[in-house]
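Take 682 as the starting number for the sequence shown in the numbering used here and just add one per residue.
Simulated from the structure, these hints should not be mistaken for lab results.
Errors might be hidden in some of the hints.
The calculated label-pair distances, taken between Cβ atoms and stated as ranges, are [what the hints assert, rightly or not]:
1) S1000 / A1052: 42 to 52 Å
2) D912 / S1015: 15 to 25 Å
3) G742 / A884: 32 to 42 Å
Nothing here was measured: the structure is a model prediction, and the numbers come from that model.
Virtual Cβ for every residue (Gly too), placed ideally from N, Cα, C.
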Amino acid sequence: MPEAPEAASPAVLLLELGHRARLAASLPELEFLLVNDTRLLAPYRQAALWREAGGVAALSGVVQPDRNAPYAQWLARACAHLARADGDTARAVSAADLPDELGAQWREWLPPQGVWLPLRMLEEPDARPAGGLLLAGADPVAPTLLPLLTEWSRIWCHAWRALQRARPWSWDAWRNRARSRPAAAGRGGRRPGLWAACALLAAGAIPVRLSVLAPGELVAAQPAVLRAPLDGVVAQIHVQPNQIVKQGQPLFSLDEAQIASRLQVAQQALSTAEAEYRQFAQMALGDPRSKAQLAALAGKIGERRAEQAFLAEQLGRASVTAPRDGMVLFDSPSEWIGKPVQTGERVMRVADPDAVEIEAWVPVGDAIPLAEGAPLRLYLAADPLTAVQGRVRYMAYDAVARPDGSYAYRLRASLDQAQGPRIGLKGTAKLQGERVPLAYWILRKPWAAIRQFVAL
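Can you build the whole structure from these sequences, using the hints too?
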């Protein structure tokens, strides 16, 4: 842009600024013009453009302000306070016009003298200012320049609104239309759209219970889990699935051939060590060197006995019995016979057939706050018309991987009725949380999807 004449009158400078504002091709360019070229009318060292909708929008000498910086945050609070005053003309301001907390920081961020220019950025002529320009310098601005600054602010707002109309689908344009409607309604009387908006807001505030759906099933409550006591191969299953068993009844056994052979070898080694010890004990009566070896042979006997006792214990553990009365739960016996297992691998469970509870897997995206005792209903696939009622007992803190590759939180719920359907039935669980506004209930999932898509 051409430079303004240095000795030009204020009126000519005002015309030059208006010409530059009309030539601005974008809103950022127009905002840059306001904070940097206003010094043609009045001297200042720092300038800040503040908008009620977005805070600090532009700073003099800065291409892009950091709104999270302490200086920008203080400016936003100070300008918001100055904007509350009545009037739409330029006026001189200082630290005395701010509350004590904000005024005490004025000297830290700005020169002592300032000017506040309210900006009427909305389309409606009687709408209140929606922004402002703060100028700060070492010397006060002459009172004769304040009317020129006021006129310049109005010229700039006119150019700003013209650029907004050229971008009818921008976010700022929609926001300004929404803010200008209350003022138009106040002048033109009541409108049906206002009543419709009020009715929509009232409907959105209706409290409803937040609920989600999750896959669930009926499982045994606190079953006794039977695991492989040692590494080996399952040799025999003594019971059938869902069979009622008594405490101490054999359930399954591992192949004992390998352990039995090792035990036989250990017993033979023990017998050999004992015979060797007896031989050296007889020789020690006349041979001092044989007597010196008795201690080593006694230690060897103890080692062989410990090995024999360990293998005998392993052989006894190869057969697993029921730890309590109940129903035994496992897959087909033919799938287990001959299957190699490792120590600690789960083979079957023994559970009380009357102790049933609900297990549900809540997806990560549906993990709503659920208090202990929150209501839950399980709609079984075998009987979808009848819901199994329950109360949440606990919900895991950590999500675990599911067979389908997703992550979910394990949830357990106790049944309200004493006896429910049998263990193993699957269905869909409906979890009910706290009451929330209807608008939140409708927009929760779409808003979450939008935030993940745009990374907000």
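Now for the hints, and whether the structure bears them out:
| no. | hint | result |
| --- | --- | --- |
| 1 | S1000 / A1052: 42 to 52 Å | holds (46 Å) |
| 2 | D912 / S1015: 15 to 25 Å | holds (22 Å) |
| 3 | G742 / A884: 32 to 42 Å | violated (50 Å) |
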